[in-house]
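The listed protein sequences derive, respectively, from chains A and B. According to my numbering, the first sequence is numbered sequentially starting from 1. According to my numbering, the second sequence is numbered sequentially starting from 1.
Mixed in with the good hints, there may be bad ones.
To be verified - Pair ranges (Cβ atoms, derived):
no.	chain 1	residue 1	chain 2	residue 2	range
1	A	Ser-37	B	Pro-24	19 to 29 Å
2	A	Glu-102	B	Lys-7	32 to 42 Å
3	A	Asp-164	B	Asp-414	29 to 39 Å
4	A	Glu-117	B	Ser-352	45 to 55 Å
5	B	Ser-105	A	Glu-102	34 to 44 Å
6	B	Ser-235	A	Glu-117	25 to 35 Å
7	B	Gly-241	A	Thr-201	20 to 30 Å
8	B	Ser-302	A	Glu-117	27 to 37 Å
Stated by the list, open to error - In silico negatives: residues of chain B with every beta carbon more than 10 Å from chain A:
no.	residue
9	Asp-125
10	Gly-154
11	Ser-198
12	Asp-315
13	Glu-323
14	Asn-408
15	Arg-428
What the hints contain is simulated information worked out from the structure, not anything from laboratory work. Since we're looking at a predicted model, the values are computed, not measured. Glycine residues also receive a C-beta, built at the ideal position from the N, C-alpha and C atoms.
There are 2 protein chains.
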Amino acid sequence: MIKGFSKFSQEQKIEALASKYNLPTSFKEVLKSHHHSALQDLYNQFAENTISNFYLPYSVAPGFVINKKEYAIPMVIEESSVVAAASKAAKFWSAHGGFRTEVLSITKSGQLFFTTEWSLEELKDLMPGIESALRNSVRDITQNMEKRGGGIAGFKLTHEARVDEQTFCLMVSFETADSMGANFINTCLEQMGDELVSFLTQRNDTRPVEINMAILSNYTPDCLVQCILSCPVESLRPYSGDYSPQEFAMRFKKAVKLAKHNLSRAVTHNKGIMNGVDAVVLATGNDFRAVEAGVHAYASRSGTYASLTDIILEDNVFTYTLELPLALGTVGGLTLLHPLAKLSLLLLGKPSASELMQIAAAAGMANNFSALAALVTSGIQKGHMKMHLTNILTTLNANAIEYQKAKNYFSDHDVSHSAVKIFLDAERLKEQHRQK
Amino acid sequence: MIKGFSKFSQEQKIEALASKYNLPTSFKEVLKSHHHSALQDLYNQFAENTISNFYLPYSVAPGFVINKKEYAIPMVIEESSVVAAASKAAKFWSAHGGFRTEVLSITKSGQLFFTTEWSLEELKDLMPGIESALRNSVRDITQNMEKRGGGIAGFKLTHEARVDEQTFCLMVSFETADSMGANFINTCLEQMGDELVSFLTQRNDTRPVEINMAILSNYTPDCLVQCILSCPVESLRPYSGDYSPQEFAMRFKKAVKLAKHNLSRAVTHNKGIMNGVDAVVLATGNDFRAVEAGVHAYASRSGTYASLTDIILEDNVFTYTLELPLALGTVGGLTLLHPLAKLSLLLLGKPSASELMQIAAAAGMANNFSALAALVTSGIQKGHMKMHLTNILTTLNANAIEYQKAKNYFSDHDVSHSAVKIFLDAERLKEQHRQK
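Please put together the full structure from these sequences, using the hints given.
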């Protein structure tokens, strides 16, 4: 056990790990070479026990037209093909009306769980008084949020009878303007918890009130955004491959139906949406775990986990829709602290949180559209394997000439690590012979 | 619209964006200062349209004891407190038996959807022949995987009657040894699709067979890992704050029950698990969207989205369990290509995929345990606001002396951006007066 690790300097932490786990000198060198010469102190503050930085590719998908405004969308993602797929869909749809998006609601919620012998009816009768006392108790925190257009939106009491007869939840809904609002909501709730206890005990009642916990929820079914793509079926020809646009549209429709009704398929269908969404979430310094949890729980709200998109094929018009909850911020948290998150917001024209919800939804829709279009025509492996080949060649230290030769050869041969190695070994032997 | 963007050099891409969106010169400078002097070409290959690198803090949570082996776990996460919470739990549990983990199963699955007028019964009768033909058709791909201990595990035919009467799914299960296996599974499935069509049409039958799509599923309920923490209730004293260890254990148990029965709570409960899991997934070059989709869909498998953890309090023993699906790899993809992912695997002692599943599960469990322990005692804001204060002070360019003064002052005052600004302004005015 390394004692006092968290108190060590960064240098000492690295030394301690290298020595305890017998790591080669390259360990230290790789970590050092990924430090930022000027900003490392800043990056070290974002988490604890930092010893270096993990690089994710910072990309741009240009040409997105969302509600008639053009965006170059910053995307941070380590998976190949995602940015290319988003860019391709952006280009196509920019010529067909673009992405039409709309924020349907922006309410988030927090939960104050408490246990008491008061009955549901008694508590319900007291709700107007409780509401007003709780609002008052956080006035110092909410007044600033109110200036920015947010605040407390409402209260709802529920009986948590499945846990036990004495447990209740006060659901408090919030609007948090351009911040994601986690700190604001949690601070309000913890303060409200104290107030709730004193409010009830001040009723000259001896029954105790115990706060179980006070915390925001990442389930945000009332912080919803919608995205719509629509064009004449005939226009889909650039995507239809060997099929007619009509056949392509029918195959696409069946793919969406499969993702509605088959759980295993729905999960991967939605994963494709999140490839695009998370790339924007990361690029703007938002919390992708929060977004992921909220989105997938929303996908299961009917009791069966299902696709987040839907399709209408009518009168030779293809209409594809997406609806998902996205609680994002463009101020607070890391959004303006992280140099590249700040830069992303600058590139997007300093959007409001609502605008960012729409941009992220459009990126998700773009990726899902491209993925599905590939799946129902040539399959996704063709594009993927091209990327895969590049990665294998990199591992094998291929030079530029070898790259080109391999790309030609594998355009009609199956890519695998061993096949590429055999090909490259043969090429290198031939080259040695030529040089003799 | 920027024409030909993807063909531009990195330099040209940056110039084109700066000029089109009228961005300040700092845009170019920030991007450039985040390039890696030696490895930028490598990083550029991980995604398309890259213009720089997005830094995430690379941290280590030391002192994890998992099945009696000690690990320093690399974590990549932009959210403050997560690494500290994981480290704290690791230290505590290392003195109480450590994390006991077990891989319950390692099967992944892929889906071959097809449409035909053949009936379910006819197809079922043909299944032995289909299986053997399909296995043969991918022999060239599977033989290497078999050498590594993986391969095709089985076939299952389902009727997708909710989509339409003619649609079927051939679920193929795979074991993929130490790779996550996405490319392997997708390549097999696409090849199997071609074979299925020729197999059925060779039966001298005129009924057409159409492949709808062939792709892996990220729903992996048969790639499961379990984690158990257990200790005498009395030992929980370091976490119990103002409560007795017995009260703390009861409060913790209620928190777990709430996450079992209250949807909004379950989502955030599981999000806390994923904070730890994803930090390891990212640090090792795995795909967090795939993991997230699979985990949250698994959490909704009963028809109600619920907590992934469970608790038993009996005979004064506290036992806390976690079960979740995790399809991870330690070879293939970015795992050995990304310099820091490779380094993470080195730090972990070059684990197998199964070992990595257990490490990620332990990290998730550690974070959830710490979060819940804080929630049922002092609340999470105390720790969070300390971090929040640091972030605000950074934005306001506080110096070391100002940091210290602010930390003292805000130890018993509420933290908000405006409160910190007012405090700092006052301090700076005082300092000016002193200097006069």
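Going down the list of hints, with the structure as the test:
1. A:Ser-37 - B:Pro-24: 19 to 29 Å: holds, 21 Å
2. A:Glu-102 - B:Lys-7: 32 to 42 Å: holds, 34 Å
3. A:Asp-164 - B:Asp-414: 29 to 39 Å: Between Asp-164 (chain A) and Asp-414 (chain B), where Cβ atoms are some 33 Å apart, the hint holds.
4. A:Glu-117 - B:Ser-352: 45 to 55 Å: holds, 53 Å
5. B:Ser-105 - A:Glu-102: 34 to 44 Å: Because 43 Å falls inside the window, the suggested range holds.
6. B:Ser-235 - A:Glu-117: 25 to 35 Å: holds, 31 Å
7. B:Gly-241 - A:Thr-201: 20 to 30 Å: Roughly 21 Å apart at Cβ, these two residues keep to the hinted range, so it holds.
8. B:Ser-302 - A:Glu-117: 27 to 37 Å: holds, 31 Å
9. Asp-125: Answer for Asp-125 (chain B): holds, closest chain A Cβ roughly 23 Å.
10. Gly-154: About 15 Å separates Gly-154 (chain B) from the closest Cβ of chain A, which puts it past 10 Å; holds.
11. Ser-198: Label holds. Min Cβ-Cβ 16 Å, cutoff 10 Å.
12. Asp-315: holds, 21 Å
13. Glu-323: Given a closest Cβ separation of 17 Å, the condition holds.
14. Asn-408: With a cut-off of 10 Å, Asn-408 (chain B) remains clear of chain A, as the shortest Cβ separation is near 19 Å.
15. Arg-428: holds, 21 Å
When the structure is compared with the earlier hints, no violation turns up for any of them.
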